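Engineer: Single-letter residue listing:
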Amino acid sequence: MGIYSEEISNISQKSNENLFDFATVDEQKAEQTGYSNYSYWRSTWQFFLKNRIAVFLLVVVGLIVAFVIIQPYLPYQKSPTEIYIDEQTGSQARNIAPGSEFWFGTNSIGQDLWSRIWEGTRTSLFIGFVVALAEVAVGISVGALWGFSRKLEAPITQVYNIVENIPTTIVLILMSFILRPSISTIIIAMCITGWVEMARFIRNQIVILRDREYNLASKCLGTPSYRIILKNLLPYLISVIMLRMSLAIPFAIGAEVFLTYIGLGLPISEPSLGNLINEGRVLMMSPDLRYQLIFPSVVLSIITIAFYIIGNAFADAADPKNHV
Amino acid sequence: MWYIGKRLLQSVFTLFIIITIVFSLLRLMPEEGYLGAAAEKMTPEQQEIILTNLGLRDPLLVQLGNFYMDLFKGDLGTSVTYRTDVPVTTIISEKIMYSLFFGLGAVALSLIIGVPLGILMAHMKGRWLDRLGTGYIVFVVAVPAAVYYIFIQMYVTDIFNLPLLFDEYNKMSWILPLTSMALAPTASYAMWMRRYMVDELNKDYIKLARAKGVKERTLMFRHVMRNAFIPMAQYLPATILFTITGSIYIESLYSIPGMGGLLVDAIQRQDNSVVQGLVLIFSSLGIIGLFLGDLAMALVDPRIKLGKGGSTR
Amino acid sequence: MRKLWLLLLAAMTALVLAACSEEGGESSGGEVAEYRTVYSGEIKTLNYLKTAEANEFAMSANLIDGLIEYDQYGIVQPSLAEEWSVNEDNTVWTFKLREGVKWVTNEGEEYADVVAQDFVDGLNYVLDAKNESSTAWIATVVKNGDAFYNGEVTDFSEVGVKAIDEYTVEYTMENPTPYFLSMLNYVCFFPVNGEFLAEQGEAFGTTKETTLYNGAFILDKFESQNERVLVKNDTYWDKENVFIDRIRYKYNKEALTVAPELFLRGEIDSAEIPTSVVDEWFNDEEKKSQLRQIRNNFYTYFYALNFNPQFDAEYEPENWKVAVNNKNFRKSLYHALDRVSAMLTTEPFEPESLLNNTITPKNFVDVDGVDYTQLAPLADISNTDSFNADLALEFKEKAMAELDGKATFPVKVVIPYNSGSPDWANRTQVVEQQLENLLGADYIDLIVEAGPSTGFLSEVRHPGKYALLEANWGPDYADPASYTDPFSEGGTYNKPELAEGYTDTNGKSKYQNLVDAAKAEMDPAKRYELFAQAEAFLIEEAFVIPYAVGGTGYIASKLNPFEAQYSPFGVTLEKFKGQRLLDEPMSNDEFKEALAAWEQERAEALANAGE
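Chains as they are written, first to last, in UniProt numbering: chain F, 1 to 324; chain V, 1 to 313; chain E, 1 to 611.
Treat each hint with caution, since some may be false.
Claimed, not checked - Cross-link-like lysine-lysine pairs, in silico, PhoX-like; alpha carbons within 20 angstroms at most:
1. V:LYS125 - V:LYS203
2. E:LYS321 - E:LYS406
3. F:LYS50 - V:LYS125
4. E:LYS495 - V:LYS41
5. F:LYS321 - V:LYS203
As the list claims (entries may be wrong) - For the chain V half of the interface with chain E, some residues (derived, Cβ under 8 angstroms), not all of them:
6. GLY33
7. GLU45
8. GLN46
9. GLU94
10. LEU165
To be clear, the hints were calculated from the coordinates, so they are not data collected in a lab. From a predicted model like this one, the values you see are computed outputs, not experimental measurements. Just so you know, even glycine gets a beta-carbon here, dropped at the ideal spot from N, CA and C.
Please construct the entire structure, taking both the sequences and the accompanying hints into account.
Structural biologist: Here it is in structure tokens:
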């Protein structure tokens with residue numbers, strides 16, 4: 001305060017009325033200072049487009065998702081569960097190497113691996129999306145309450161400490177054991193622990209952001225709180241949410257693989273990337289049949305990596321700090 | 001001191017609730033699992049007698065009370081279906097050395113590789129090493145571990161003629177499990193290190209120091225690294241513990257008789273006392289890890305004093 | 001001291017072996033015949049009086065001897081009992097024990113003699129409910145066994161087992177039990193040294209030190225999830241017939257996957273070859289000669305048609321109930337099931353070799369050398385394949401005509417499987433497709449459901465949440481009665497007693513009356529014939545569709561299975577006694593030759609034993 005008061009007194013001493021003149025109001029100029037052609041989403045998008053790899057992968061993911069949806073309706077597609085019969089021997093077309101008839105070969109009972117992989121991708125992506133959505137929904141609500149409400153802070157912190165410290169593996173295994181094997185079981189088991197991280201993230205962000213100077217300033221200027229939330233907090237959170245969501249999908253797929261690995265995953269009559277890989281794993285010691293492991297692994301790797309990179313790139317792009 | 005006491009009390013309370021929840025969940029497991037292969041042939045009366053003898057017919061609260069009474073005396077009970085009548089503590093103590101060895105070994109290995117890698121990447125931001133490193137990190141973090149572990153076991157054993165399985169007496173067989181286990185933590189250490197270094201390097205005081213003509217080396221080691229270490233220090237204990245407990249894949253792929261495999265086995269065989277013992281240990285380790293992390297942070301960072309601020313990270 | 005030398009020798013041979021195998025040379029093992037294998041299922045205890053699981057049976061079979069054993073043709077031979085006798089009505093069995101058989105510790109030191117009281121102590125432990133023995137249900141065959149277990153009788157001397165003198169033990173039965181001998185190889189009738197048992201208390205059988213041995217082998221090393229080593233017992237009463245000196249079990253969680261590779265690298269002497277890679281082995285010149293089929297066992301697999309359907313209302317259990325009570329409908333399913341194509345999921349090379357046309361498998365019991373499955377009404381069934389597309393369609397037409405207006409078509413058929421078994425899952429999908437294709441989607445609609453991997457029985461089969469289900473059953477004693485249990489009243493299978501239109505005047509089902517009549521008959525020839533009639537009725541009416549016997553798969557092994565003791569009961573099949581290590585694994589052709597030779601020799605042996 002000392003320094004400033006001295007300056008002020010300096011100024012007031014040296015100033016006289018001649019130095020000041022009334023400016024005429026210029027509407028145009030006022031508009032210019034108050035307005036920039038900044039649009040949050042456009043900037044985010046533009047920044048994102050700069051990341052070539054991410055854009056490429058986004059296209060890939062888009063194509064995969066689109067393909068996964070329309071694949072069954074395309075011509076020359078086989079059913080993922082139908083068992084094909086070898087016409088010469090009259091028995092099942094088992095373990096046929098990839099070729100023109102079966103593009104990715106067949107599995108040990110004569111089902112078409114190509115269509116099984118896309119069916120599996122469908123299942124796995126579905127699980128991933130649902131888990132990610134659920135995590136985001138629960139995580140945001142709990143995280144927001146946690147961050148905003150001072151009354152709820154202590155109890156939620158306690159709950160957080162508990163859920164965080166029960167090993168995820170144990171919950172996953174126990175839930176899969178107690179419930180029947182099905183897609184919903186897997187989703188429930190993953191959501192039970194998954195929201196925690198998300199909630200913590202949101203909460204920390206909110207705690208950090210709510211007392212930032214620009215928010216205080218907005219508040220002082222009389223901006224209503226909904227506007228603070230929408231215009232000041234949300235853009236910040238969106239980046240985090242998008243990041244978490246795009247990470248939740250690979251993690252959910254990974255958890256599904258894990259559950260299948262220890263024998264608690266989806267039944268193999270419902271193909272998923274997890275149980276396709278697990279089926280293929282049995283064959284890892286016989287080079288001729290390794291294609292049954294490699295194909296699903298490659299598809300799974302592409303999907304998880306793509307989501308991961310897109311998520312990170314989007315998080316960067318959505319961060320208003322990078323828009324300057 | 002007061003703070004430590006309070007944290008300790010809180011931790012014990014948390015642990016108590018965790019154990020109680022897991023205890024109750026375990027009581028929902030299908031009863032058939034306790035009877036083993038012979039369940040099919042037993043009369044319902046015989047099944048009932050066995051279930052009663054196992055204490056499963058007591059009210060949940062009584063079971064819980066008994067469990068805590070024993071726990072208070074330091075008795076984790078005896079295994080039922082994993083290794084009948086053997087004390088849980090004996091079983092766990094047989095396994096823990098393997099997990100400790102591989103867990104700590106993997107963390108040490110990943111620190112030795114990961115931290116310098118992260119520093120180098122930050123240093124050469126945007127150049128090929130950084131890109132290569134980023135590629136590696138992305139791959140390891142994004143792809144489920146099971147997938148690349150399988151491929152490593154499948155191809156690397158072939159290429160280098162390494163043993164497929166862990167064998168205590170053959171040191172060559174230790175290499176692959178150790179390195180596989182170190183892959184993920186290496187990536188995360190490198191990622192953190194790189195991120196914090198880059199963040200630090202962009203800070204104003206560094207720009208000022210650079211402008212003042214401080215040598216790049218001194219800058220790196222004296223200023224940037226020290227500050228970048230602070231957040232790492234907080235996470236380190238937790239990751240070490242995680243590596244020790246979270247190696248289920250590696251243990252089963254290479255058949256290492258450690259704790260991760262024990263957990264899966266014990267749950268599958270519905271050996272409640274072993275699962276409870278393991279949950280107790282894993283959760284305590286987790287809580288201790290959090291606590292140590294905060295402690296370490298306070299030690300490294302003079303700005304932080306324990307007892308101030310929230311109880312979460 | 002001796003032991004030390006042995007160890008040293010072992011260590012050296014191991015070194016030499018290791019050196020040899022690096023060069024890929026043939027290693028005959030020198031003077032120590034060692035058998036090495038990997039396993040993934042850990043044993044949980046050595047306490048043979050408590051367990052009922054296959055892994056532990058495999059241990060006790062080689063560590064502990066019981067009263068009797070079998071030769072390689074399945075004929076009862078003396079073991080710890082030198083001779084025995086039974087009274088007129090098959091209720092009192094008396095065994096004269098071999099003298100001078102020793103209990104030894106894991107160090108090989110003699111601890112005590114095996115005496116009659118040891119058998120009493122063993123049964124006492126098993127029947128004491130607080131010990132939670134899993135084999136007590138077999139032991140209750142003795143008089144007052146069940147009463148003692150339930151606590152109705154508290155004085156053990158009232159239970160039907162007595163040590164008459166030091167070397168004579170006498171069992172009294174609850175009911176006439178002509179097949180009691182076949183139950184003696186169950187662990188619950190094994191002896192235990194009472195003094196040692198009391199001394200160890202809870203710790204009995206938890207480590208190699210807290211167990212006593214009287215069998216062909218002693219446990220030398222027992223590290224859970226690491227390694228188990230069995231060494232030959234030098235004090236064994238019949239050690240001339242033990243040809244393997246050491247058995248080494250190495251733990252490997254992924255044993256099923258890696259064992260074939262380890263076998264090829266010469267690291268182990270036996271490996272099961274998963275179906276998925278059998279193709280590759282057969283196509284490889286070098287590997288081709290190293291694998292063979294696994295010997296069939298006595299588990300019977302069948303498809304059960306449920307007469308008490310309790311599955312979800314959306315799949316119309318009432319409609320199924322109407323359909324299943326129509327004989328033509330049942331017969332259409334019976335003839336439509338292509339069992340070969342189902343079997344291809346587990347045995348793609350010779351599926352026929354595992355099919356079983358009856359519930360009781362062949363070679364189980366015989367009447368003067370004539371196999372049970374070849375007895376009068378059953379012979380027709382055992383000699384014809386049930387799959388017959390034309391007949392199936394014929395029955396379909398009849399069923400559709402008869403059920404017109406009563407049932408809605410297509411009939412929904414809920415067919416669950418255990419999601420813990422990939423083979424089962426595959427098979428169920430095959431069956432679904434095959435039946436629907438043959439009988440038409442206008443007739444039946446199979447609904448494949450995944451059941452839980454643990455608790456499958458209590459969640460699916462016991463509550464009747466199925467229409468059609470693959471089920472299995474293993475026999476407990478050498479009598480066809482053992483295979484009637486699942487279908488008798490109070491059974492937990494498909495409840496054929498609820499089938500409409502099969503109730504006799506006495507209020508019981510026709511099948512039940514046939515079985516009861518057979519059980520009452522004591523003359524083996526007549527008894528078996530009556531059982532054969534009952535079984536033929538069950539299959540003829542298509543209450544069940546017989547499918548296969550257990551023992552699927554292929555193995556690469558340096559053991560000759562035809563040297564092993566042969567009997568479906570108790571722990572017999574797990575014994576290493578009598579087996580030699582081959583230099584080369586048996587090929588499938590050799591296996592088949594040996595099997596044919598064995599079957600002939602067996603028939604002769606049985607005929608001789610009959611005289």
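Engineer: None of the hints should be skipped; say for each whether it holds.
Structural biologist: Here's how the hints hold up against the structure:
| no. | hint | result |
| --- | --- | --- |
| 1 | V:LYS125 - V:LYS203 | holds, 16 angstroms |
| 2 | E:LYS321 - E:LYS406 | holds, 11 angstroms |
| 3 | F:LYS50 - V:LYS125 | holds, 17 angstroms |
| 4 | E:LYS495 - V:LYS41 | holds, 16 angstroms |
| 5 | F:LYS321 - V:LYS203 | holds, 14 angstroms |
| 6 | GLY33 | holds, 5 angstroms |
| 7 | GLU45 | holds, 7 angstroms |
| 8 | GLN46 | holds, 6 angstroms |
| 9 | GLU94 | holds, 7 angstroms |
| 10 | LEU165 | holds, 6 angstroms |
In summary, the structure agrees with every hint in the numbered list given earlier.
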